[in-house]
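Residue numbers (UniProt numbering), protein chains in the order written: chain B, 1 to 427; chain H, 1 to 462.
Mimicking PhoX-like on lysine-lysine, the simulated pairs with C-alpha atoms at most 25 Å apart in a straight line are: (1) K56(B) / K38(B); (2) K83(B) / K110(H); (3) K38(B) / K136(H).
It is worth saying that the hints were derived from the structure and are not from the lab.
Each chain, letter by letter, is given below.
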Amino acid sequence: MQRTRMMIKWTHDTVRRRFMSTSAAAIDWWNHVGHAPKDPIMSVTEAFLSDTSPNKINLGVGAYRDDDGRPVVLQCVRDGEAKIAGTGFLESVSASVSSKLVEESVKLIYGKDADFIKEGRFAGVQALSGTGACRLFAEFQRRFYPQSKIYLPIPTWSNHHNIWRDAQVPGRTFHYYHPDSKGLHFAALMDDIKNAPDRSFFLLHPCAHNPTGVDPTEEQWRDISNLFKVKNHFPFFDMAYQGFASGDLDKDAKAMRIFLEDGHLIGCAQSFAKNMGLYGHRVGCLSVLCADAKQAVAIKSQLQHITRAMYSSPPVHGILLVSTILSDPHLKELWKKELKVMANRIHRMRSTLRESLKKLGSPLNWDHMTNQVGMFCFSGLSPDQVNRLMKEFHIYMTYDGRMSMAGVTTSNVSYLANAIHEVTKFG
Amino acid sequence: MASTMLSLVSAALPLQENHKGKMNLGSSDCSTFLRKEKRNPFMKTKSFGRINMAIAVNTSRFEGVTMAPPDPILGVSEAFRADNSLMKLNLGVGAYRTEELQPYVLNVVKKAENLMLERGENKEYLPIEGLAAFNKVTAELLFGAGNPVIEQQRLATVQGLSGTGSLRLAAALIERYFPGAKVLISSPTWGNHKNIFNDARVPWSEYRYYDPKTVGLDFDGMISDIKAAPEGSFVLLHGCAHNPTGIDPTPEQWEKIADVIQEKNHIPFFDVAYQGFASGSLDADASSVRLFAARGMELLVAQSYSKNLGLYAERIGAINVVCSSADAAARVKSQLKRIARPMYSNPPIHGARIVANVVGDPALFNEWKEEMELMAGRIKNVRQKLFDSLSAKDKCGKDWSFILKQIGMFSFTGLSKVQSENMTNKWHVYMTKDGRISLAGLSLAKCEYLADAIIDSFHCVS
Numbered sequence: 001m002q003r004t005r006m007m008i009k010w011t012h013d014t015v016r017r018r019f020m021s022t023s024a025a026a027i028d029w030w031n032h033v034g035h036a037p038k039d040p041i042m043s044v045t046e047a048f049l050s051d052t053s054p055n056k057i058n059l060g061v062g063a064y065r066d067d068d069g070r071p072v073v074l075q076c077v078r079d080g081e082a083k084i085a086g087t088g089f090l091e092s093v094s095a096s097v098s099s100k101l102v103e104e105s106v107k108l109i110y111g112k113d114a115d116f117i118k119e120g121r122f123a124g125v126q127a128l129s130g131t132g133a134c135r136l137f138a139e140f141q142r143r144f145y146p147q148s149k150i151y152l153p154i155p156t157w158s159n160h161h162n163i164w165r166d167a168q169v170p171g172r173t174f175h176y177y178h179p180d181s182k183g184l185h186f187a188a189l190m191d192d193i194k195n196a197p198d199r200s201f202f203l204l205h206p207c208a209h210n211p212t213g214v215d216p217t218e219e220q221w222r223d224i225s226n227l228f229k230v231k232n233h234f235p236f237f238d239m240a241y242q243g244f245a246s247g248d249l250d251k252d253a254k255a256m257r258i259f260l261e262d263g264h265l266i267g268c269a270q271s272f273a274k275n276m277g278l279y280g281h282r283v284g285c286l287s288v289l290c291a292d293a294k295q296a297v298a299i300k301s302q303l304q305h306i307t308r309a310m311y312s313s314p315p316v317h318g319i320l321l322v323s324t325i326l327s328d329p330h331l332k333e334l335w336k337k338e339l340k341v342m343a344n345r346i347h348r349m350r351s352t353l354r355e356s357l358k359k360l361g362s363p364l365n366w367d368h369m370t371n372q373v374g375m376f377c378f379s380g381l382s383p384d385q386v387n388r389l390m391k392e393f394h395i396y397m398t399y400d401g402r403m404s405m406a407g408v409t410t411s412n413v414s415y416l417a418n419a420i421h422e423v424t425k426f427g
Numbered sequence: 001m002a003s004t005m006l007s008l009v010s011a012a013l014p015l016q017e018n019h020k021g022k023m024n025l026g027s028s029d030c031s032t033f034l035r036k037e038k039r040n041p042f043m044k045t046k047s048f049g050r051i052n053m054a055i056a057v058n059t060s061r062f063e064g065v066t067m068a069p070p071d072p073i074l075g076v077s078e079a080f081r082a083d084n085s086l087m088k089l090n091l092g093v094g095a096y097r098t099e100e101l102q103p104y105v106l107n108v109v110k111k112a113e114n115l116m117l118e119r120g121e122n123k124e125y126l127p128i129e130g131l132a133a134f135n136k137v138t139a140e141l142l143f144g145a146g147n148p149v150i151e152q153q154r155l156a157t158v159q160g161l162s163g164t165g166s167l168r169l170a171a172a173l174i175e176r177y178f179p180g181a182k183v184l185i186s187s188p189t190w191g192n193h194k195n196i197f198n199d200a201r202v203p204w205s206e207y208r209y210y211d212p213k214t215v216g217l218d219f220d221g222m223i224s225d226i227k228a229a230p231e232g233s234f235v236l237l238h239g240c241a242h243n244p245t246g247i248d249p250t251p252e253q254w255e256k257i258a259d260v261i262q263e264k265n266h267i268p269f270f271d272v273a274y275q276g277f278a279s280g281s282l283d284a285d286a287s288s289v290r291l292f293a294a295r296g297m298e299l300l301v302a303q304s305y306s307k308n309l310g311l312y313a314e315r316i317g318a319i320n321v322v323c324s325s326a327d328a329a330a331r332v333k334s335q336l337k338r339i340a341r342p343m344y345s346n347p348p349i350h351g352a353r354i355v356a357n358v359v360g361d362p363a364l365f366n367e368w369k370e371e372m373e374l375m376a377g378r379i380k381n382v383r384q385k386l387f388d389s390l391s392a393k394d395k396c397g398k399d400w401s402f403i404l405k406q407i408g409m410f411s412f413t414g415l416s417k418v419q420s421e422n423m424t425n426k427w428h429v430y431m432t433k434d435g436r437i438s439l440a441g442l443s444l445a446k447c448e449y450l451a452d453a454i455i456d457s458f459h460c461v462s
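Input sequences plus hints: build the corresponding full structure.
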């Protein structure tokens, strides 16, 4: 019996050793790792790229295109690049460059004369564009309010749900878009704000709501702000399209200025991806308004602590570009002009597409195409219709019917109108 | 914290019976306390009919947020900058300096950036997994072009934000797919490793590594601790030029480490932050990783181009996962992307393009190899000079040869915390309190001065 046991053990050991010393890996560690679902937005671009049709149109990701359908590097950015070329080497972003970027960023959203900027009553750090800024806030929120949740509008940018979920902050929703009117569901929105427990955290799009393009009016913002005060809610703004909604930076920050006037101590994620065309450089800013400068220092230290364990420090190139452009009056003016050009082209495309559909005799109401603002039009197309557009016409957008108007050009707008008409003419 | 805020308030006010023991800061009970606070200058005087609205906007909900502890490594540079002494020496952060103690932008980087500027490439989003050209060259640099793991497509490579970002992606992957699995880290290791695993909620424990008696590797302790860990642990290994000690296993020791890892069904997880900086040869410095891959093991490797291409501030690196099949690699890659998307969506382009241009162009690549040898060579020279100075000046006959045996940017001097403080306070030599000096920040000209400081701290301070 003893010998048999020993023999079995010897056999097992030998087999194990032999098995492990073969060139084929003995252990498959990743057997249980399934395929992740594709990102709904990125996968549109992937599908578009593999399409060989000459007529193809990408209305997926919100990246600006000029009227020839080409990506744009703004002139102010090219000038900025020339200015920083061969700049003194930086090992990590120097403190002065960081604070310059942060200072210029917050002035954009809060107004350059805002008292608490002068008094240092805010914690500001650079972030990896809008995503990074939101994630940084979400991690901070969980750290200091571990029981809290985040209220996200229905619908919202799909990645918002991923961000707070991965930061382990449960998500809740509030009504926002009215599918019937293709506008704001204001009454339901106010109800949801009222019914949420006091001191809840809410995410708001200050302008050019993504994906719907539907923004509250100034008066509605005031009502929302008042209700937030009653409920002591925390307003967190995701400012990804400042300048893209109206073409005017200050106008697009109106909602935030209203909240500021009302005394809210808000948080804001800012992105320079779209409005400066710095998509791949990942430049953004997170700011949290504070009761005093001392608290600002504490909060900033905590934010930096979080980033240290995520990526240590942000990439310098984009930061240099943004701070150069924003602190050079000539470049900043140039930027504002170019921003208007981009916003205007999108407005024109909205009108043109709407007119084209009307001329084709579309039975549907396309008012929302020009009522909605910013890069996106929430077309109201169904997933089936979106699918048809893709398969039959090589036109790509996300399944929720969100169209990036930045992908529409003078040369493709007729084709696009025809295609939309084809899939919608029978209702 | 909210609880701190509440306790502060309850300390200031008498208990209100009608409040059922719960303090609500929005309530009128707090008005007496909070009205004494500085008036919010934004507050309009119009009445809303309810006191709680006026008060709520005065108080930040982050009242209880305390200062985070200062980063021990970065804090050294800050202290150095604040020092006015002419003798000061910064041996803190591992950032390469020339003999003139100036930062160094590699020529190949300048050339690559000029090429990029001329081409005027666009700034569109990279895919979530990063620049394809970068991912290709980084894998080839690490494993060698033509390596079976690459040929057989068993490798998942995702661009990350330098070493830290790549480690964090891997940590998140471990947390998600191996809940409860531990990461074993060397004692000591780079300070930020612990932060990364803590924030990713991955438990860790230490294996013995540094032996203060020999100022060398505690190999038996290391093997013992790896053996004792629960089966299926992740073992974090420094591919070369161990940080902070500079002590690397020999090739024979690497074989034995691989043996015990296989025996225990552990998974090796390499942090390769100094490829090229250890020996001066990019291939030689990757030999530990290649040894493990050649055994057919599945492994993780985080890479960084901060030091070897001087791209510190551009945040360029990668996470590599060697799997047993192409299908597994595809699945793992998809999950890494899923982790990255809610962190930062897609990685930054600039550094990726520089690396792709340098490593992907044969002429630039060769030029890089030469610059790499120069940088690593300077550090070897400095080690020699320091060793010579110490041996000459030290009358107590201590064996300083560990300085020559250690490799890479750092040297673990064996100085205690108190002795390290003496280095700073008396000699204006800035280093981390664990006794680590960065030789990259040392010039030949300063070796004698440093030798004096070390000898003084070692023998005269306890």
